[in-house]
Amino acid sequence: MTAPVGSLPSSPAVLAPYVEAGLFGPTEVHLVGTVARLEPAAEPLALLALAVATRAPRLGHVGIELAEVGWRLLDREREDLAGLTWPDPGAWAAVLADSPIVAGPTDHRAEPRRPLVWDGTRVYLQRYYDHESAVVADLTRRSEAGKVGDEPAVVGEVLDRLFPVDAAGEPDLQRLATQVALTERVAVIAGGPGTGKTHTVARLLAAAHQVADAQGRRLEVALAAPTGKAAARMTEAVHRSVDEAEGVGLFDADVATRLRAVDAGTIHRLLGWRPGGRFRHDRLNPLPHDLVVVDETSMVSLPLMARLIQAVRPDARLVLVGDPHQLASVDAGTVLGDLVGPAGEASDGTVHETGSGSGDRGGAREDRGGAAGHGPLAGRVTVLRWVHRFGAETGIAALADAIRQGDDDAVVELLHDRDDLQLVGPHDGPALAAVEGEVADAAARVVGAARRGEIGPGLTAATDLKVLTATRLGSNGLRSWSERIERAVADRVPGLELSRRWYAGRPVLVTANDRLNALANGDTGLTVDHDGALVVAFPIGGNHRLVPTARLGDVDTWWAMTIHKSQGSEFRQVVVALPAVDSPILTRELLYTAVTRGREHITVVADEAAVRAAVRRPVARSSGLRDRIWPPPAP
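So for the sequence shown, the numbering used here puts the first residue at 386; every next one is plus one.
Do not rely on the hints blindly, as some may be mistaken.
What the hints assert, rightly or not - Straight-line alpha carbon distances no greater than 20 Å define the calculated EDC-like cross-link-like pairs of lysine to aspartate or glutamate that follow: (1) Lys532 / Glu542; (2) Lys532 / Asp700; (3) Lys532 / Asp598; (4) Lys532 / Glu605; (5) Lys532 / Asp675.
Bear in mind the hints are in silico, worked out from the structure with no lab data behind them.
Can you build the whole structure from these sequences, using the hints too?
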C-alpha cells in the first residue's frame, strides 16, 4: 500500500513521483514529513536522500552511493520503475554536505543527532552508520591491542600434536586458522561447505583448552550461531568431530569431555536479549568468556554484529566462522563477505586447490586470507579451500565453483554433461514426471519406515532427498511441491489419511522457537508410530528424542523447504526448484546455497534462462564496511 500523493506535506513534495510509482511507501513518507516539520530548512534533495536511506535497509543495503541509487533501490522491485529519474549526483552531494539534517563522519555522534550521515560517498541512516562505525572501531582496537599473551612455544607444541606435519609438506590451512585464532583477538575462518570449518573449530577448542591447562588457567568458552537450528547443528557437528578426533588419539578423554559439555546457543541468547531489542551484555557488561566462536556468520546482520563485538571482552578472543558466498542475513548488510574481503578472492579469480583428498589442506600459494592486504583484519582471515563433502572432482564441486565465479556458460554445460547433475525444464513433462516420481518414491520410503516404527531408518530416509524451493508460492514453489508430493505418496501408500493433520510418516519443520519442548526454529523431525501412539522423533546427536504431537504447535510439513531455511543442512540428493527468469529473488547466492546442500546428486528444475539469470545476478548490497576494513594501501 502506498500513500496518496495528496497526503504529502508540501515540503517533501520532491517524493511525489517516487510515491506515485510505488517506490516509497508510508514509512518513508511519514518519516520525511516528520523531519520536514521539525526542520523547515531541510532542502528537498536532503529529504529525498532521507527517503532513500530509509528504504535502503529493507533491501539489505546499509548505505547507498548517490550515483547508484536508481538500480540499488530497484534491485528487488518492478522493472517499470526504471524510468524514474534521479538528481545529478554532484549537485545532490553538495546539498548533503551542508544540510541541517545531515551529519558527517567526524560529527555523526554530536548532539543534536541528525537523521542522516553523508560520508562523501554514501548516504546512511544515522543508526546504520553508527553500527558500521562501531564494528570498524572495535575490530581496529582488537587488532591494535597486539597478540594474545599465550606462550608461542606452548602454542606450537599443542598445534604439533593436533596437526601432524603433512608428509608432502603442503600448507595445512586448518592448522593456520587455529594458530591465528589462538594468537589474535579476532579471527575469521571462511570456507565453502565441506572445507573443514567444523573440524577446525573442534581442534581450535581443544588447542585453546590445552594451552590454558599448560598455563594453569581455566578457559571459559561460548559457541553461538544466528538461529537455534544453526546452533544445534553446530553443537552436533562439533561433538561429532570430537568423537572422530578422540577415536584416532588426537584428543585425550579429559579434553573431549570438556568439549562435549559445551552446547552452542543463539547469539541473542548469548547476549541476553531483552524485550525492546536491548541486551544484557554490552560494552559496560561484557561477556565472561575467554573465547567466543560464532558459526554461520553469513547470516548475521550488521546491527547484531555490532552488538556482538562490543560485548566480547577486549582481552578475549572472537572467532567468526562461515561461508561468505552463501545467502546473507535477511536484515541489512553482508557482514561476513565484507570482513573476508579480498582474502576470499584468488588473484586470478579462481580457487587453487591442492591435496591428496584425505586431508583438509589446500592453497598452493600463500593463502592466509588477509595476509595480503591492509586494515584491521589483515593476517587474521583464513580461507579453507579443500572441499571434501562431495570431493573436489565431483560435478557438485565444479558447479559450486562455476556459480561462485558467475560463469553461466560453465554452469549450464555442467548441468547437461555431468552424471551427478541434471537440468530439467519445468514444462518438460516426461522429465519432470520422472523427477517427481523419484521424489515420491523417496517420500514413500519415509512413510513406510515411520509406520513400522523404525525411527532411525525413517529419520535417515527423511534427509536422503529433499526439494529446495526459491519461493513459497507459484507452480515451482514450496506449496505446490509439498501438495504434489503428498498426493503422490498417498497413491503409493494404501490407507494413508492425508485429511488428518498428523499421520505416521509426516516430516515436520519447526517454524518458531519452542522453549517448552527445547526445540528451535528450523528443527526437523518425523512423525512415527511408537507403541500405538503418534509422536514426532527429533534427531539429537546420534540419537533421537520423542515429542507427543499434542505438544507441538508451530510446525509445517517438511516434504520440501525453502532454500533460505536449508542453510546449514545437508542431503544426499537435492532437487532445486527455481521460479521464472523474471523473478527478482533469483540470485547467485541463492543458487550457490541450494546446490551446496547436496552431497551426491543435484537436479535443478528450471528454465535454462532462469539458471543463467541467477548466476549472473550476485546480491548487490551496498555498504561501506568492506572499504573501511580493507582500505587501499597508503601511497
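Now for the hints, and whether the structure bears them out:
1. Of the pairs offered as hints, the one joining lysine 532 and glutamate 542 holds, with about 18 Å between alpha carbons and a cut-off of 20 Å not exceeded.
2. About 10 Å separates the Cα atoms of lysine 532 and aspartate 700, which keeps this hinted pair within 20 Å; it holds.
3. Annotation: proposed proximity of lysine 532 to aspartate 598 holds, straight-line Cα distance about 19 Å (limit 20 Å).
4. Proposed proximity of lysine 532 and glutamate 605 is supported: the alpha carbons are some 19 Å apart, at most 20 Å.
5. With a CA separation close to 14 Å, the supplied pair lysine 532 and aspartate 675 stays within the 20 Å bound.
Comparing the model with each earlier hint shows no violations; every hint is respected.
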